[in-house]
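S.K.: Chains as they are written, first to last, in my numbering: chain A, 1 to 174; chain B, 1 to 178.
Just so you know, these hints were derived from the structure itself, not from any lab. Hints are supplied without guarantee of correctness; some may be wrong.
Claimed, not checked - Below, a list of computed lysine-lysine pairs in the DSS-like style, where the Cα atoms sit at most 27 Å apart:
#: 1; chain 1: A; residue 1: Lys113; chain 2: B; residue 2: Lys70
#: 2; chain 1: A; residue 1: Lys113; chain 2: B; residue 2: Lys83
#: 3; chain 1: A; residue 1: Lys73; chain 2: A; residue 2: Lys15
#: 4; chain 1: B; residue 1: Lys83; chain 2: B; residue 2: Lys110
#: 5; chain 1: A; residue 1: Lys44; chain 2: A; residue 2: Lys15
#: 6; chain 1: B; residue 1: Lys83; chain 2: A; residue 2: Lys73
#: 7; chain 1: B; residue 1: Lys142; chain 2: B; residue 2: Lys47
#: 8; chain 1: B; residue 1: Lys47; chain 2: A; residue 2: Lys73
#: 9; chain 1: B; residue 1: Lys47; chain 2: A; residue 2: Lys92
#: 10; chain 1: A; residue 1: Lys73; chain 2: B; residue 2: Lys142
#: 11; chain 1: A; residue 1: Lys92; chain 2: B; residue 2: Lys142
#: 12; chain 1: A; residue 1: Lys6; chain 2: A; residue 2: Lys44
#: 13; chain 1: A; residue 1: Lys44; chain 2: A; residue 2: Lys113
#: 14; chain 1: A; residue 1: Lys73; chain 2: A; residue 2: Lys44
#: 15; chain 1: A; residue 1: Lys44; chain 2: B; residue 2: Lys47
#: 16; chain 1: B; residue 1: Lys110; chain 2: B; residue 2: Lys149
#: 17; chain 1: A; residue 1: Lys92; chain 2: A; residue 2: Lys113
#: 18; chain 1: B; residue 1: Lys83; chain 2: B; residue 2: Lys70
#: 19; chain 1: B; residue 1: Lys142; chain 2: A; residue 2: Lys113
#: 20; chain 1: B; residue 1: Lys110; chain 2: B; residue 2: Lys70
#: 21; chain 1: B; residue 1: Lys47; chain 2: B; residue 2: Lys149
#: 22; chain 1: A; residue 1: Lys73; chain 2: B; residue 2: Lys70
#: 23; chain 1: B; residue 1: Lys149; chain 2: B; residue 2: Lys83
#: 24; chain 1: B; residue 1: Lys83; chain 2: B; residue 2: Lys141
#: 25; chain 1: B; residue 1: Lys47; chain 2: A; residue 2: Lys113
#: 26; chain 1: B; residue 1: Lys142; chain 2: A; residue 2: Lys44
#: 27; chain 1: B; residue 1: Lys83; chain 2: B; residue 2: Lys47
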Amino acid sequence: MSLLSKLKEAVVCLKAGRVTLPYPAQTQPVPPRFRGRPIFDAAKCIGCAGCANNCPAREILVFDVCQEVRILKYLGRRCTYCGRCADVCPEKAITMSHEFENATNSIGDIQQKLDLFMSTCQRCGRCFKEPSPLEQLKLKGYRFDDLANERWIFRSKAYLTEEAAVDDVKIELD
Amino acid sequence: MLKNLCQKMFGRSLWVYHANSGGCNGCDIEVLNVLTPYYDAERFGIKLVGSPRHADVMLCQGPAMRSTAKALQRAYEAMPAPKLVFAIGSCACGGGIWFDSYSVLGPVEKLIPVNYYIPGCPPRPEAIIYGVAVALDLVDKKTAPVQFKQTELPIPRYHPADLEGQGEMVVYKKIEPV
Ligand code: SF4
Ligand code: SF4
Ligand code: SF4
Numbered sequence: 001m002s003l004l005s006k007l008k009e010a011v012v013c014l015k016a017g018r019v020t021l022p023y024p025a026q027t028q029p030v031p032p033r034f035r036g037r038p039i040f041d042a043a044k045c046i047g048c049a050g051c052a053n054n055c056p057a058r059e060i061l062v063f064d065v066c067q068e069v070r071i072l073k074y075l076g077r078r079c080t081y082c083g084r085c086a087d088v089c090p091e092k093a094i095t096m097s098h099e100f101e102n103a104t105n106s107i108g109d110i111q112q113k114l115d116l117f118m119s120t121c122q123r124c125g126r127c128f129k130e131p132s133p134l135e136q137l138k139l140k141g142y143r144f145d146d147l148a149n150e151r152w153i154f155r156s157k158a159y160l161t162e163e164a165a166v167d168d169v170k171i172e173l174d
Numbered sequence: 001m002l003k004n005l006c007q008k009m010f011g012r013s014l015w016v017y018h019a020n021s022g023g024c025n026g027c028d029i030e031v032l033n034v035l036t037p038y039y040d041a042e043r044f045g046i047k048l049v050g051s052p053r054h055a056d057v058m059l060c061q062g063p064a065m066r067s068t069a070k071a072l073q074r075a076y077e078a079m080p081a082p083k084l085v086f087a088i089g090s091c092a093c094g095g096g097i098w099f100d101s102y103s104v105l106g107p108v109e110k111l112i113p114v115n116y117y118i119p120g121c122p123p124r125p126e127a128i129i130y131g132v133a134v135a136l137d138l139v140d141k142k143t144a145p146v147q148f149k150q151t152e153l154p155i156p157r158y159h160p161a162d163l164e165g166q167g168e169m170v171v172y173k174k175i176e177p178v
């Protein structure tokens with residue numbers, strides 16, 4: 001009896017055939033809505049930093065070198081591939097690719113860095129909220145995230161200097 | 001040097017120890033998925049062992065946490081040399097979305113040296129196998145850092161020097177015709 005059941009088991013096993021996917025040699029296509037690594041299209045990006053403000057992992061850092069140049073750095077290391085950055089991007093500059101083979105021996109390999117030219121806003125250029133309207137007027141709106149230590153600075157507090165850019169406007173600083 | 005060492009010492013098999021230092025269990029399930037017959041990691045001689053003393057490789061999941069930091073370090077020290085550490089998932093690679101939480105210290109490389117990183121939340125089982133294959137030198141890694149630099153202001157700037165007369169009209173050269 002027990003021998004018979006063992007034979008039956010063997011037949012079942014033979015019928016099932018091979019199920020193993022010979023992975024590195026042969027790949028299987030990912031599901032169509034799979035989200036892999038986000039890829040930045042620098043030609044489309046306008047540098048609005050919407051992706052950086054909405055990333056739950058604070059993964060995209062923004063650093064303003066000066067009024068005209070903004071650095072956008074995607075670290076890749078704590079990205080959860082949630083796709084939120086691609087959703088909020090007004091220019092559709094981020095695509096969630098199907099790349100998942102990102103294994104590497106140096107973590108710097110998965111970062112993407114964009115140096116973007118920015119135009120000066122023709123309006124007040126101070127679209128950041130501050131406690132009082134007076135303080136808001138003094139704000140430059142620059143972002144200085146810590147690129148070296150890969151940290152996101154929660155709130156930028158860069159104020160205009162005493163020698164304002166426009167000569168005839170004197171802004172009083174406290 | 002590490003690569004040569006790997007090939008010499010681990011030529012036939014890697015025994016892995018699976019350490020979760022506070023992840024959400026998503027990566028654990030993917031690692032177990034790798035060991036199922038469908039992905040069958042035993043093709044590469046990978047075998048799950050229950051004690052770090054038997055292991056060559058530590059698979060780390062979850063960020064370095066305040067509460068498990070000591071235990072993780074002790075598990076690492078218990079492994080016989082030569083040893084490899086894989087950081088699996090974005091928690092282990094960079095701290096994940098809780099990187100700035102009060103109980104999270106950051107990526108596991110803050111506590112123990114990490115040799116290979118497999119990002120993803122969680123990484124696909126294929127991605128984990130790919131990472132192991134990179135370590136075994138079966139495939140080449142596909143990633144490289146990307147840097148993009150603009151050399152010219154992409155927005156046409158109005159400049160009187162770019163105006164030119166064309167018959168009765170004055171045309172601004174740099175504006176593309178619609
Ligand atoms: S996919 Fe999610 S975690 Fe990754 S960069 Fe975009 S918003 Fe951040
Ligand atoms: S949201 Fe899009 S356009 Fe804005 S900075 Fe990010 S990638 Fe660039
Ligand atoms: S990387 Fe994602 S799936 Fe893995 S332990 Fe962290 S949160 Fe969970």
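S.K.: Which of the stated hints cannot be reconciled with the structure, identified by number in ascending sequence?
M.R.: Those not satisfied are hints 1, 2, 3, 5, 6, 8, 9, 12, 15, 16, 21, 22, 23, 25.
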